[in-house]
Structure formats: structure tokens, C-alpha cells
Amino acid sequence: MRIDVQNLTHIYNEGQTDEVTALDDVSFTVGEGSITGIIGHTGSGKSTLIQHMNGLLKPSSGKIFADGTDITSKDVSMPEIRRKIGLVFQYPEYQLFEETVAKDIAFGPKNLGMSDAEIEKRVHTAMSLTDLDYEKFAVKSPFELSGGQKRRVAIAGVLAMEPEVLILDEPAAGLDPASHRSMMELVRRLNTEHNTTIVLVSHNMDDVAEYCTDVIVMDDGKIFLSGTPREVFRHSSELESKGLGLPFGQCLIREMNRQGADISGDSVLSGEDAAEAVLRWLEEKKC
Amino acid sequence: MLRDITLGQYYPRESVIHRLDPRVKIAATFLYLIMIFVVRDFTGYAFVTCVLAAVTAVSHVPVKFMARGMKPVMFIIVFTFVINIFVYKGTVLVSLGPLNITDNGLRQAVFIAVRLILLIFGTSLLTYTTKPMQLTDGFESIMRPLTKVGLPAHEIAMMMSIALRFIPVLLEETDKIMKAQQARGADFESGNLMKRAKSLIPLFIPLFVNAFRMAIELAMAMEARCYHGGNGRTRLNPMKLQKIDYIAIVLIMLFAAAVIVQASGITGLPMLWPSR
Ligand SMILES: Nc1ncnc2c1ncn2[C@@H]1O[C@H](COP(=O)(O)OP(=O)(O)OP(=O)(O)O)[C@@H](O)[C@H]1O
Ligand SMILES: [Mg+2]
Numbered sequence: 018m019r020i021d022v023q024n025l026t027h028i029y030n031e032g033q034t035d036e037v038t039a040l041d042d043v044s045f046t047v048g049e050g051s052i053t054g055i056i057g058h059t060g061s062g063k064s065t066l067i068q069h070m071n072g073l074l075k076p077s078s079g080k081i082f083a084d085g086t087d088i089t090s091k092d093v094s095m096p097e098i099r100r101k102i103g104l105v106f107q108y109p110e111y112q113l114f115e116e117t118v119a120k121d122i123a124f125g126p127k128n129l130g131m132s133d134a135e136i137e138k139r140v141h142t143a144m145s146l147t148d149l150d151y152e153k154f155a156v157k158s159p160f161e162l163s164g165g166q167k168r169r170v171a172i173a174g175v176l177a178m179e180p181e182v183l184i185l186d187e188p189a190a191g192l193d194p195a196s197h198r199s200m201m202e203l204v205r206r207l208n209t210e211h212n213t214t215i216v217l218v219s220h221n222m223d224d225v226a227e228y229c230t231d232v233i234v235m236d237d238g239k240i241f242l243s244g245t246p247r248e249v250f251r252h253s254s255e256l257e258s259k260g261l262g263l264p265f266g267q268c269l270i271r272e273m274n275r276q277g278a279d280i281s282g283d284s285v286l287s288g289e290d291a292a293e294a295v296l297r298w299l300e301e302k303k304c
Numbered sequence: 223m224l225r226d227i228t229l230g231q232y233y234p235r236e237s238v239i240h241r242l243d244p245r246v247k248i249a250a251t252f253l254y255l256i257m258i259f260v261v262r263d264f265t266g267y268a269f270v271t272c273v274l275a276a277v278t279a280v281s282h283v284p285v286k287f288m289a290r291g292m293k294p295v296m297f298i299i300v301f302t303f304v305i306n307i308f309v310y311k312g313t314v315l316v317s318l319g320p321l322n323i324t325d326n327g328l329r330q331a332v333f334i335a336v337r338l339i340l341l342i343f344g345t346s347l348l349t350y351t352t353k354p355m356q357l358t359d360g361f362e363s364i365m366r367p368l369t370k371v372g373l374p375a376h377e378i379a380m381m382m383s384i385a386l387r388f389i390p391v392l393l394e395e396t397d398k399i400m401k402a403q404q405a406r407g408a409d410f411e412s413g414n415l416m417k418r419a420k421s422l423i424p425l426f427i428p429l430f431v432n433a434f435r436m437a438i439e440l441a442m443a444m445e446a447r448c449y450h451g452g453n454g455r456t457r458l459n460p461m462k463l464q465k466i467d468y469i470a471i472v473l474i475m476l477f478a479a480a481v482i483v484q485a486s487g488i489t490g491l492p493m494l495w496p497s498r
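If you read the sequences in order, they're chains A and B. Note that the working numbering gives residue 49 to position 32 of the first sequence, counting from 1, and the numbers run on in steps of one. Note that the working numbering gives residue 407 to position 185 of the second sequence, counting from 1, and the numbers run on in steps of one.
Everything labelled a hint here was simulated from the structure, so no lab data went into it. Computed from a predicted structure; not experimentally measured. Ideal Cβ placement from N, Cα and C applies to all residues, glycine included. Any given hint could turn out to be false.
[Unchecked claim] List time: in silico DSS-like cross-link candidates among lysine-lysine, alpha-carbon distance up to 25 Å:
no.	chain 1	residue 1	chain 2	residue 2
1	B	LYS401	A	LYS91
2	A	LYS101	B	LYS401
3	B	LYS398	A	LYS75
4	B	LYS401	A	LYS127
5	A	LYS239	B	LYS401
6	B	LYS398	A	LYS239
7	B	LYS398	A	LYS91
8	A	LYS120	A	LYS138
9	B	LYS398	A	LYS127
10	A	LYS127	B	LYS417
[Stated by the list, open to error] One-sided and incomplete, this derived list gives chain A residues near chain B with beta-carbon spacing under 7 Å:
no.	residue
11	PRO96
12	GLN112
13	PHE114
14	PHE124
15	GLY125
[As the list claims (entries may be wrong)] Coverage of chain A stretches by chain B, computed from C-beta distances (three or more under 8 Å per stretch; other residues unrestricted):
no.	stretch
16	63–73
17	169–178
Full structure from sequences and hints, please.
Next up, the structure:
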């Protein structure tokens, strides 16, 4: 599914003394089958933006089209939109409520009015996708799990609705390195194997560089930069001036150049890219 | 939507009222409450309203903002008005089937409504102009003499300040959980009463779980910083009455005296629509 955001503006507490323009004339497209990363400093409007993309917030002005359907209009069917566009919030583990993990995951499909057999099937699929062993976890209380396991359950709860677009707000924040990796691998797998379009909000530049096909940089409610990761991270000094970091490889090359090297590494992103660039540079120096 | 609840919030501004000692403000509010019940006619209410309007103007809290805070209690005011208007005997003004609106009923209904509005406006001015921390410090200081008879003044004040501190946090939390469940297709708005009550389960369970979690975490964080109750605790900013506080005390005394004199009727001023 393709999402077109057009001139989106959102003002919190409009007309009151404490009004905040959280989004200011934002336009972009999330291409079908893409993994679109959204980065930006704290308070730049990322969470506000994604809540518009499945109709949880209504814009002050502007429109959003999902495969051509205007989801900001009044006559659109909200359950339909919520089924097609799944949203996983920041720290979703605090939204679990059912007695058992399986029941909690079934909450979404149940709200969509599916048959018991279909729900059962979807719970199984969602749990295996998120690496939750059905035998072990299905009848456990979600409140007895560890933070990382809870997060998997919460994500499984959204996956069980089998959305065409999955929006994730910092899914890997606060996880240990191994869980972090497997979370990002899950995102990639959903994208490649299930053809799910992904929108990923992240503060981790390495993840964005490695997994995303497109990147949008937000700053104070506006789009500051957009393009492929290579295009975006080329603007390293602009990004740093906005309080954002750079991928590891880019940092390394910059530091080496600062200390006297002259490596051409504008399009370097990951550690591997950097290693290649350094080796190439050493080759050139030898002859 | 939930952020619309402004009642009881602090409204930061630079004003004389904001600077007053919280103990003076609490005592003044208390005296004001008593005076509202002393008033017996609409001349008295006109006077109280003028004084309240003057204090509000000095406090720089916009009336629009205060009116917004009245919204949630408007229901109670309308409800008591409607009840009152029908239950009093007297000269019938309008007859609606078995229900009669009498002159006494109308008088009483308007009287109580005005009293409630003045009550809420006046007390909310206290919270609008006083930081929660100052408010509870003030309460603690006023209650301190009662520790001799076993009242845990410090603990009560600490509980109050924590409760006040968590109101906005819990409202935000509610909003977040509601949205998260809506993203999973939950519907909080349609259906009959039973269905709606049931739809609140996915909201309230996480809310309570999170509230308890936050409470436990806060308690541990307090203990980690050696909190052990009020004994021997000193203050960063000890409260001390200033010149403006003494002026305020004199003014509020004058106000109370004026209300009492007017209500007793000895001034010979006409009583406007008084109770019997
Ligand atoms: N419910 C709300 N009411 C009023 N203002 C809000 C509300 N939610 C967010 N804001 C404001 O809107 C702006 C954007 O907030 P948003 O949550 O979208 O930022 P973010 O980019 O997601 O930040 P973070 O990286 O910390 O999650 C901020 O200035 C914030 O204070
Ligand atoms: Mg956010």
C-alpha cells in the first residue's frame, strides 16, 4: 500500500494560549513495499505524524491518501483503515491487559469481527513471527513476562491484524543488543517475506542506514531532508547541527579524516562500507 | 480532549496573587468559603462577585481559561438548578403538568447556582495561582500544630503533592493507552451502556497496572534518596510572611467584615431578593 501525505499541519490545543504547531505543512510519499525511516530530534513531531497515518489524530489541515482513499475524510471506515494500517506505539508493552498472551494478541482480530478459527490461526502466525513459542507463552499472563517479551506480545497483537502497512514508533528502544537485532530482522522479514510496507521511527542511525530504503528527517514539525539513506547521510554537518547523529561508518571516516587521512567516504554508511573505503584508500596510498 | 480539564491546574503568571504566601492564600480561601455561606441576598453576592473579579483581574489568570475549567462541573450546577426550581412551595409562576415553578423555587435555584459558581471560581483561583508544591507546603505548615494530637501532617501533605503531581501524568497515560487500543480496533464511542462499560476494560487494566508500577518506582526512587518521612526535614525555601502578605491579610479581614455587616442588615441598605 502506498501512502501520500499532503500539506499536513497539526496544531495541538488550537486557539488556546498553549497551542503548539507539531506539524507544519508536511508532504511526502511512503512507497509501496518500502521501509521508510523517520528520524528527528525529540519533539520534532514524529509521533504526531504517524498517529495521523492511521486516523488516530485528525489534521488541522492537509490530507492523507492510502492507495488513493482519503483517510482524513469523515465518511471513511475507521475499522477498515486500522486493519490495513497497523500502528505500534512507543513502549507498547504498557498496553497489554488480557489474562493470557494469546487472548491479548486476539484482541485486534476480535475487534475486526473475525471467526474463532481465523483468530486462532492468526494468533499462531503472529506469535511465530515474533519468535514467541506458542506452547510456552500462549497461556501465560502478559504481566509475568520480561520487558522485551512484553514488547513482542504487543507487536504480535498488531501483526495479528495482518496490516498492509506497519508503522513502528521506536520498536527497538531500550532492548538489549540481541533483542534489538532480532527486532530489526523481524521488520526486514515482514517487509521482504510478507510484502508489508514499513514506516519506522527511530533514533538509531545505524538501523536507519542499514534497514531503510527511504529516510525522512523531521525538524520542528517540518521535513528537513528526505531521500535514500545515502542521499540523506551525505548531509552530515546539517544533520549534526540538528542534534542528530550519523551512522557508525560515516562517523569513523569523518574522524579519520579529521586526524589527517583523506578518505573519500561520502556514501559510507555501515562499518563494512567504512572498512572497504579504508582498504581502498590504503591500496591507493601504496602505489 | 482529556487535556481540556483545567480545574485544579496551576497557571503560571507573574502577579501579586501568585507571589503571596500559600498559607495566606489558603486561609483567605477558607474565609472566603465561609463568607459565601454568610451571604443572604443578591446585594451580598454582587459584592462578593466584584471582589472576586478584582482579585481575578490582579492575578492575570484569563477568565476564558477559568471558564474552561468550569465545564466539567457545569453539569452539577445545572442539575441542582433544575432540582431546586421545582421543589419549593410558594406563589406559582409557571405550571408544567404536575411540576410547578414557584417564586421561592426560582429564587432558591438561582441562589444556589450563584453560590456554587462563586465557590468553584474562588477555590480554583487558589490552585491556578499556587504551585502544587507551595500548596502542599502551605497545608503542611497550617496542619503542623495538629501533629501533637497525632495527625500525620507531613505524610498527608506529601500524599497530596504526589497525587496532584500525577494527575496530568495519568491523563496523558489514559490518552496514550486509548489510542493504542484504538489502533487495535477498539471502539470506545459506540454501542449501548453495557458494551461501552465493557470496552473500558482494555483501558483501565493497563492504566491501573501502570499507575501501580509508577507508584512503586516512585517509592523506591524516594527511598534511594533517603526519604524517611517528615522528622528533622528542613526546607530549601522556608516560608516567611512578607509585607504584601500582611496587606493581603488586612484586606481579606475587611472583606469578611463587610460581608458580615451587610448580611446582618444593620447597615439599612436594601436587601435584594433575600431568603425568608
Ligand atoms: N497531546 C499533546 N498535546 C499538546 N502538545 C503535544 C501533544 N503531543 C505532543 N505535543 C507536542 O508536539 C510536539 C511534537 O511531539 P511528538 O510527540 O510528535 O514528538 P516526537 O518527534 O515523537 O518526539 P520523541 O522523539 O521524543 O518521541 C512537541 O512539541 C510536543 O510537546
Ligand atoms: Mg515520539
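Against the structure, the hints:
no.: 1; hint: LYS401/B with LYS91/A; result: holds, 18 Å
no.: 2; hint: LYS101/A with LYS401/B; result: holds, 16 Å
no.: 3; hint: LYS398/B with LYS75/A; result: holds, 15 Å
no.: 4; hint: LYS401/B with LYS127/A; result: holds, 17 Å
no.: 5; hint: LYS239/A with LYS401/B; result: holds, 24 Å
no.: 6; hint: LYS398/B with LYS239/A; result: holds, 23 Å
no.: 7; hint: LYS398/B with LYS91/A; result: holds, 23 Å
no.: 8; hint: LYS120/A with LYS138/A; result: holds, 13 Å
no.: 9; hint: LYS398/B with LYS127/A; result: holds, 21 Å
no.: 10; hint: LYS127/A with LYS417/B; result: holds, 14 Å
no.: 11; hint: PRO96; result: holds, 6 Å
no.: 12; hint: GLN112; result: holds, 4 Å
no.: 13; hint: PHE114; result: holds, 4 Å
no.: 14; hint: PHE124; result: holds, 6 Å
no.: 15; hint: GLY125; result: holds, 4 Å
no.: 16; hint: 63–73; result: holds (count 3)
no.: 17; hint: 169–178; result: holds (count 3)
Checked against the numbered hints above, the structure violates none of them.
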